[in-house]
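Protein chains: 2
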Amino acid sequence: MQIVKIDKNSDISNLVDTLLQRTPNYYDDYIKQVQNIINDVKERKDEALIDFTQRFDQVKLSKNEIKVTEEEIKEAYDKVDSDLLDIVRKAKVKIETYHMKQKQYSWFDSEEKGILLGQKISAVSWAGVYVPGGKAVYPSSVLMNVIPAVVAGVENIVMTTPPGKDGKVNPLTLVVANECGLKDIYKVGGAQAIAALAYGTETIPKVDKIVGPGNIYVALAKKAVYGHVNIDSIAGPSEILILADETANPRYIAADLLSQAEHDELASSILVTDSEEVANKVVEEINALKNELSRKEILEKSLANYGYILLVDSIDEGVKVSNEIAPEHLEIITKEPFMVMTKIKNAGAIFLGEYSPEPLGDYMAGPNHVLPTNGTAKFFSPLGVDDFIKKSSIISYSREALYELHEDIIKFADSEQLTAHAKSIKVRFEDDK
Amino acid sequence: MQIVKIDKNSDISNLVDTLLQRTPNYYDDYIKQVQNIINDVKERKDEALIDFTQRFDQVKLSKNEIKVTEEEIKEAYDKVDSDLLDIVRKAKVKIETYHMKQKQYSWFDSEEKGILLGQKISAVSWAGVYVPGGKAVYPSSVLMNVIPAVVAGVENIVMTTPPGKDGKVNPLTLVVANECGLKDIYKVGGAQAIAALAYGTETIPKVDKIVGPGNIYVALAKKAVYGHVNIDSIAGPSEILILADETANPRYIAADLLSQAEHDELASSILVTDSEEVANKVVEEINALKNELSRKEILEKSLANYGYILLVDSIDEGVKVSNEIAPEHLEIITKEPFMVMTKIKNAGAIFLGEYSPEPLGDYMAGPNHVLPTNGTAKFFSPLGVDDFIKKSSIISYSREALYELHEDIIKFADSEQLTAHAKSIKVRFEDDK
Chain A
1 MQIVKIDKNS DISNLVDTLL QRTPNYYDDY IKQVQNIIND VKERKDEALI DFTQRFDQVK
61 LSKNEIKVTE EEIKEAYDKV DSDLLDIVRK AKVKIETYHM KQKQYSWFDS EEKGILLGQK
121 ISAVSWAGVY VPGGKAVYPS SVLMNVIPAV VAGVENIVMT TPPGKDGKVN PLTLVVANEC
181 GLKDIYKVGG AQAIAALAYG TETIPKVDKI VGPGNIYVAL AKKAVYGHVN IDSIAGPSEI
241 LILADETANP RYIAADLLSQ AEHDELASSI LVTDSEEVAN KVVEEINALK NELSRKEILE
301 KSLANYGYIL LVDSIDEGVK VSNEIAPEHL EIITKEPFMV MTKIKNAGAI FLGEYSPEPL
361 GDYMAGPNHV LPTNGTAKFF SPLGVDDFIK KSSIISYSRE ALYELHEDII KFADSEQLTA
421 HAKSIKVRFE DDK
Chain B
1 MQIVKIDKNS DISNLVDTLL QRTPNYYDDY IKQVQNIIND VKERKDEALI DFTQRFDQVK
61 LSKNEIKVTE EEIKEAYDKV DSDLLDIVRK AKVKIETYHM KQKQYSWFDS EEKGILLGQK
121 ISAVSWAGVY VPGGKAVYPS SVLMNVIPAV VAGVENIVMT TPPGKDGKVN PLTLVVANEC
181 GLKDIYKVGG AQAIAALAYG TETIPKVDKI VGPGNIYVAL AKKAVYGHVN IDSIAGPSEI
241 LILADETANP RYIAADLLSQ AEHDELASSI LVTDSEEVAN KVVEEINALK NELSRKEILE
301 KSLANYGYIL LVDSIDEGVK VSNEIAPEHL EIITKEPFMV MTKIKNAGAI FLGEYSPEPL
361 GDYMAGPNHV LPTNGTAKFF SPLGVDDFIK KSSIISYSRE ALYELHEDII KFADSEQLTA
421 HAKSIKVRFE DDK
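Chains A and B, in that order, give the protein sequences.
Position one of the first sequence corresponds to residue 1 (my numbering), numbered consecutively onward.
Position one of the second sequence corresponds to residue 1 (my numbering), numbered consecutively onward.
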C-alpha cells in the first residue's frame with residue numbers, strides 16, 4: 001500500500017489507466033473459441049450443450065438431466081444451514097423492498113385538441129440468470145440478480161449454472177433460487193449456457209435478457225450475443241474508493257479496504273484523504289488486521305498491485321479524483337458526507353458515514369450489489385428493475401391536431417426526399433380540396 | 001405483397017425468422033477490418049483519422065481542419081431554406097417538450113432508526129452523436145439524437161459526421177446541430193469516428209456514450225467499443241406493422257405501408273387484419289399509390305421481399321402475431337385502439353387511430369423516432385433521456401441500524417468465506433464487548 005501525494009496539478013490519468021488495464025477490452029484468443037461454441041449451440045442445440053458440459057465440467061448429462069428436477073430442489077433444502085436460510089429470507093425482503101421503489105410507471109399527457117402522448121412500460125417476457133459455479137458459492141448474488149426481474153414483473157425467469165463434478169448444482173444456489181420462485185434451472189455453464197439462453201435449445205428457452213456474472217468466456221459470450229438479446233453490463237474487477245477526512249476512524253477504513261481486496265488479485269482498494277495522520281494510521285491498521293484474515297495472499301497481491309492511498313489537499317480535490325476513477329463502491333467518511341455526496345458524479349453505490357460499510361450493501365441493505373465496475377459508473381447503473389423493463393412510445397392524434405401540423409410534416413418529409421412519408425399525410429386530407 | 005392466412009394453429013416463427021435474418025448478428029469479414037481501424041485510431045489518433053478520411057471520404061484534412069469552424073457554421077445558415085428552418089425549430093420544441101417528461105429524479109426513503117436509502121440520478125458528462133453522411137440528409141435524425149442528451153443535462157455533447165467530397169459538412173446538419181446548441185462538430189465518419197469517440201484523439205474528446213445511426217462499419221465499431229463506453233442500441237432495418245379491423249381506411253393503410261417500404265430494400269411493411277375486404281382493398285390502393293411516388297424500385301423490392309398481409313381470425317390473434325414480431329412501429333387502426341393497446345407487449349412506438357400515421361412520429365409529434373428495430377422491442381426501448389443518465393445507489397446507516405443487522409451480515413459473509421467482509425462489520429462493534 002503506497003501513499004501518493006496528489007495536488008491540483010497532478011495528472012491522475014496514469015493511475016486511471018493502470019486501473020482500466022485490469023480489464024482488457026477484448027481478448028483475441030478467446031473470441032474465436034467463444035464464437036465457435038455459440039455457433040455450435042445454435043446448430044446442434046442440446047447435443048452441443050451435452051458435449052460441452054462433458055468437456056468443460058466433466059459431467060455426462062443425458063437430455064432429460066439438463067434441467068434440475070423438483071426432487072433435487074427438495075433434497076437441497078436438507079443440506080442448507082437453516083440459520084443461514086433465515087438470513088437469506090431476511091435479506092430477500094430488504095432487497096425486494098428497495099427494488100419495489102425503483103418501479104417506473106406508464107404515463108401519458110394530453111392536450112384538449114386531441115393529442116395524447118405517453119410511454120408504456122412493460123416487463124420483458126423472458127429473463128435468464130447466469131450463476132457461476134466453482135468452489136465459491138454466492139447466495140447473495142443469486143438474490144441480487146433474480147429479485148429485480150421478479151419485481152419488474154418478468155413472467156418467465158430461468159437460471160443456468162454449471163454442475164459440480166458430481167453432476168449436482170450447489171444446494172445453496174438451488175434453495176435461494178427456489179426461495180425467489182424460480183422453477184426452471186439448467187445444469188449448463190460457460191459460453192454454451194449464454195448461447196443457449198440467446199438462441200434457445202430443445203430444453204432451454206430463448207430469453208430476451210441475460211444477466212449474471214461469469215468468467216471471461218461468459219463475459220465474451222454475453223458481448224457476442226448482445227443485440228440479438230439484451231444483457232446486463234459486462235462485469236470487470238471490483239473496486240472501492242474511500243473518501244475520508246481527519247474525523248474518520250482509520251481502523252474502519254483499513255477493514256473496508258481489506259474487504260474489497262480479498263475478492264481477487266485484480267481488486268482495487270483506494271483511500272483518498274486530506275489527512276496525513278489518517279493515511280499513516282490506515283497503513284498501520286492494515287498491517288495489523290490482515291494477519292487476522294484468511295485470504296492473506298490475495299489481500300497482499302491486490303493491495304500491492306492496485307492498492308493506493310492518495311493524499312489530497314482537500315476533500316473537494318478528493319471528489320475530483322473520485323469522479324475521474326468512477327469507483328464501483330464509494331465510501332464517504334467525512335464530517336458532512338451528504339454535502340460531499342452532492343458533488344459526486346460517477347459511482348456505482350455511495351456509502352455515507354462510518355456505519356455504512358460496503359459489506360452492508362453486499363448483503364442486507366437492499367440496494368443491488370451488482371454495480372458498474374472499473375470506471376463504467378461513468379455511464380452504467382447498478383442492476384435494477386430498469387434492466388428488466390422496456391418502454392413503448394404512445395402517440396394518438398385527432399384529425400384536427402394532425403391537420404394543424406400536416407403542411408409542416410409534408411415539407412419536412414419532402415426535404416428528406418421521402419415522398420411516401422409525405423403521401424401518408426396527404427391522403428388523409430385529400431378530400432378536403 | 002402477398003396475403004397469407006393465419007389461424008390459431010399457424011406457426012409464424014418462419015416469418016419471424018425471415019425478418020430477423022435481415023440483420024445477421026455478426027459479419028466475420030467486416031469485424032476484422034473494423035477492429036484494425038479501431039486499433040489504428042487508438043494508437044495514431046488524429047493521424048489515423050486523417051488517413052482514413054482520405055481513404056474513405058476522398059478528403060485530405062489537416063489536423064486543424066478536423067473540427068468544423070464557427071465560420072463554416074455561419075455560412076451553412078445562408079444555404080438552408082428558411083421555411084424549413086422554421087419547421088425544424090417547431091419540431092425541436094415539440095421533441096423537447098416530450099422528452100422533458102421523461103426526466104427521472106433522484107429519490108430517497110428513510111426509516112426513523114437512521115436508515116436512508118435512495119438513488120441519485122446524474123447525466124453522463126460526455127456524449128458523442130454520430131450523423132451519417134452520404135446523399136440523404138436527415139435533419140430529423142440530428143434532432144432526435146441530440147435533444148435527449150440536452151434534456152438529460154449532458155454537459156458536453158460532440159458530433160462527428162463524414163465530410164462530403166468538397167470537404168464540407170452538409171449545411172443542414174450543421175444548422176440543426178447549432179440550433180440544438182452544439183459547437184463541437186468533427187468531420188470524421190465511419191468506424192474511425194466511433195473509435196475516436198471511444199478512445200479520444202488530440203482533437204476529438206473521449207466520450208461516455210455514443211449514439212446515432214450508421215452503416216455496417218459504424219454498427220460493428222459501436223458493438224466493439226461497447227463496455228469501454230456505452231452505446232445506444234445497434235440499429236437494424238426498419239419495419240411497420242399495422243393492426244387494422246374493418247373500420248380502417250384501406251387507402252391510409254396503403255400509404256403508411258409504403259412510407260415504411262421507401263426507406264430501403266430491407267424495410268418490412270406488414271398489415272395484420274381480420275377483414276378480408278380491407279386486405280384486398282389495401283392491395284389495390286398500394287398498386288394505385290406507388291405510381292405516384294419517387295422511390296418506386298425500392299418500394300417494389302421491399303414489398304416483394306418483406307411485405308406481408310396477414311389475415312387473422314380476430315384482432316386478439318393479431319395482437320399475438322404483433323407481440324411475436326415486436327415491430328419498431330405499430331399502428332393500431334381499429335374500433336377501440338386504446339383497448340387493443342393494453343394487450344401490446346412489444347413495440348417501439350404505438351400509433352393509435354387513423355390520424356396518427358407513422359410519419360407524424362418521425363418528425364413532429366415529440367416522441368423519439370430512434371426506436372428498437374427488427375424484434376429488439378422485446379428488450380430495447382426508444383432512445384430517450386434514460387440513455388444519457390446513470391444511477392448511483394445511496395446507502396446511509398446509523399450505528400443503531402447497523403448494529404441490528406451486524407450478526408446477520410457477519411454470518412452471511414462467513415458463509416461466502418469472505419472473512420474480511422465480516423471483519424469490516426466486526427471492527428465497528430469490537431469495543432462493545
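Some hints here could point you the wrong way.
Claimed, not checked - Using 35 Å as the maximum straight-line C-alpha spacing, the simulated DSBU-like pairs for lysine-lysine come out as follows:
1. 45/A x 5/B
2. 168/B x 345/B
3. 426/A x 223/B
4. 42/A x 32/B
5. 281/B x 42/A
6. 63/B x 32/B
7. 79/B x 60/B
No lab work stands behind these hints, which were simulated from the structure alone.
If you draw a straight line from the CA of residue 63/B to the CA of residue 32/B, is it 35 Å or shorter? holds (27 Å)
Would the hint linking residue 426/A and residue 223/B be met if the CA-CA limit is 35 Å? violated (39 Å)
Would the hint linking residue 79/B and residue 60/B be met if the CA-CA limit is 35 Å? holds (24 Å)
Given hint residue 42/A paired with residue 281/B - CA-CA distance at most 35 Å: violated (41 Å)
Restraint check for residue 168/B with residue 345/B, where alpha carbons must lie at most 35 Å apart: violated (44 Å)
Please verify whether residue 42/A and residue 32/B have alpha carbons no more than 35 Å apart. holds (22 Å)
Given the hint that residue 45/A pairs with residue 5/B, does the C-alpha gap stay at or below 35 Å? Given that 35 Å is the threshold and the Cα spacing comes to 31 Å, the pair holds.
Violated hints, in rising order: 2, 3 and 5; the structure is consistent with all others.
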